[in-house]
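K.L.:
Residue-level listing of the chains:
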Amino acid sequence: MAEQKKVRFIIERQDGPDSAPYTQEFDVDYRPGLNVVAALMEIQKNPVTVDGKKVAPVVWECNCLEKVCGACMMVINGKARQACCSLIDNLEQPIRLQPARTFPVIRDLLIDRSVMFESLKRIQGWVEVDGSWEVKDAPIQNPYTAQTAYEISHCMTCGCCMEACPNVGPQSDFIGPSPTVQAYLFNLHPLGKFDAPKRLNALMEKGGITSCGNSQNCVQACPKNIKLTTYLAQLNRDVNKQALKNIFNH
Amino acid sequence: MFHTTFYVRRLHSLVGLLALGMVLFEHIFTNSMALGGAPALNGALAMMELIPHPIFLGLEIGAIATPLLFHAIYGIYICLQAKNNPGRYGYVRNWQFALQRWTAWFLVVFLVWHVFYLRILTKGIAGVPISYELLQNYFVANPAYALLYIIGMFAAIFHFCNGITTFCMTWGIAKGPRVQNVVSALSMGLCAVLCLVTLAFMGSYFVM
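So the sequence lines, in the order shown, correspond to chains V and Y.
Following numbering that gives the first Met the number 0, the numbering of the first sequence begins with 0 at its first residue and continues without gaps.
Following numbering that gives the first Met the number 0, the numbering of the second sequence begins with 0 at its first residue and continues without gaps.
It is possible that part of the hints are untrue.
The calculated BS3-like cross-link candidates involving lysine-lysine, where the alpha carbons are at most 27 Å apart (straight line), are [claimed, not checked]:
1. Y:Lys122 with V:Lys223
2. V:Lys120 with Y:Lys82
3. V:Lys205 with Y:Lys82
4. V:Lys205 with V:Lys226
5. V:Lys240 with V:Lys226
6. V:Lys226 with Y:Lys82
7. Y:Lys174 with V:Lys226
8. Y:Lys174 with V:Lys205
9. V:Lys192 with Y:Lys174
10. V:Lys223 with Y:Lys174
11. V:Lys197 with Y:Lys174
12. Y:Lys122 with V:Lys78
13. Y:Lys174 with V:Lys244
Keep in mind that the hints were calculated from the coordinates and are not lab data.
This structure is a prediction, so every number in the text was calculated from the model and none was measured.
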């Protein structure tokens with residue numbers, strides 16, 4: 000029988016939010032179609048390092064396993080990605096896994112992304128509804144922007160764009176590409192548009208869209224291919240117009 | 000609702016492109032006169048002397064020093080907000096983002112030295128007028144300084160030209176990826192041309 004092919008993982012671990020990080024190496028049996036989440040599950044079953052030391056299983060987060068929920072975002076070989084759709088066959092080995100340190104690390108690869116939810120609240124990432132309609136009576140989506148709204152609505156707050164963006168992190172107050180662009184989604188909505196000035200004014204505050212430095216990493220990192228930089232430029236236009244209104248309407 | 004951050008940030012963008020862009024072009028234009036030798040550069044410098052002294056000083060303070068100090072000090076604050084990561088995300092725009100900040104740091108130091116030595120010490124305190132001969136002696140006697148000046152010019156030119164691209168994004172002028180690429184290519188073309196002009200007039204001190 001041919002020798003079992005192994006995949007080497009170098010994992011950056013951390014026991015708690017304030018403890019020092021360290022790395023451990025694990026070997027996982029190769030199989031066709033293996034992805035990072037499946038490999039982490041193998042490590043969980045048998046958490047023994049390459050030195051034969053039995054250690055605590057690696058902690059990470061995952062849910063849907065089909066690139067929809069965004070939970071398994073981590074830094075794989077230096078880049079922020081979804082672990083569930085990162086096929087071993089497409090990755091350079093040994094494979095390095097790190098937590099996305101743009102966010103607070105809870106343990107190992109598990110991070111706390113609640114800052115994105117706070118940012119969505121800040122930009123009013125919802126639609127105020129004061130009633131409901133029969134399907135035929137509801138206000139319709141603008142057919143010319145529906146495709147764009149659909150695209151932006153794919154955002155799963157995974158945080159890839161936040162990790163890749165050089166202006167997001169503990170050193171900065173930038174809310175990041177994803178929550179910023181969500182403002183545009185709700186501004187396109189037939190009911191959400193009534194609150195557009197509110198959202199644009201929120202984006203003009205400290206840490207809003209002005210903190211964007213145009214590195215354009217976000218659009219490269221987005222696993223859902225949302226044209227983030229295009230919508231950031233559109234929002235830049237919109238906040239400029241809003242600023243003129245703020246000055247000359249009062 | 001008065002969003003201080005928004006207006007300061009947009010002012011930073013405008014000042015960089017318009018006021019400091021003007022200063023950069025004036026420098027490149029006047030200094031390129033060195034290609035015509037001593038009479039051409041000294042003639043251009045004499046033309047500037049025709050501006051009445053108080054107006055000239057007012058322009059220096061109002062149109063150069065103030066915008067420069069504002070752009071530099073707020074720029075340092077912006078630089079400190081970034082964790083440059085082109086090593087991990089090696090895309091062209093990300094390299095340009097990092098270079099924009101690295102050239103900024105270099106320019107802060109370079110411009111302090113440049114303004115202090117030539118404007119304050121030489122022209123201001125010693126009262127020696129800037130001339131072709133002065134610059135030639137200075138650069139030929141200290142080739143390392145000439146090299147630092149060339150690097151300083153390259154840094155300023157890149158910072159300005161990349162600034163044109165980001166200006167068009169920040170103001171929502173260039174929205175889609177195609178037009179953004181065109182703007183970026185044009186401004187990098189301008190960067191190359193201005194760098195070549197700089198090399199030519201700096202080199203001319205050593206061959207003439």
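K.L.:
Broken hints, numbered, in rising order?
P.N.:
Checked against the structure, the hints that fail are numbers 1 and 12, while the rest are satisfied.
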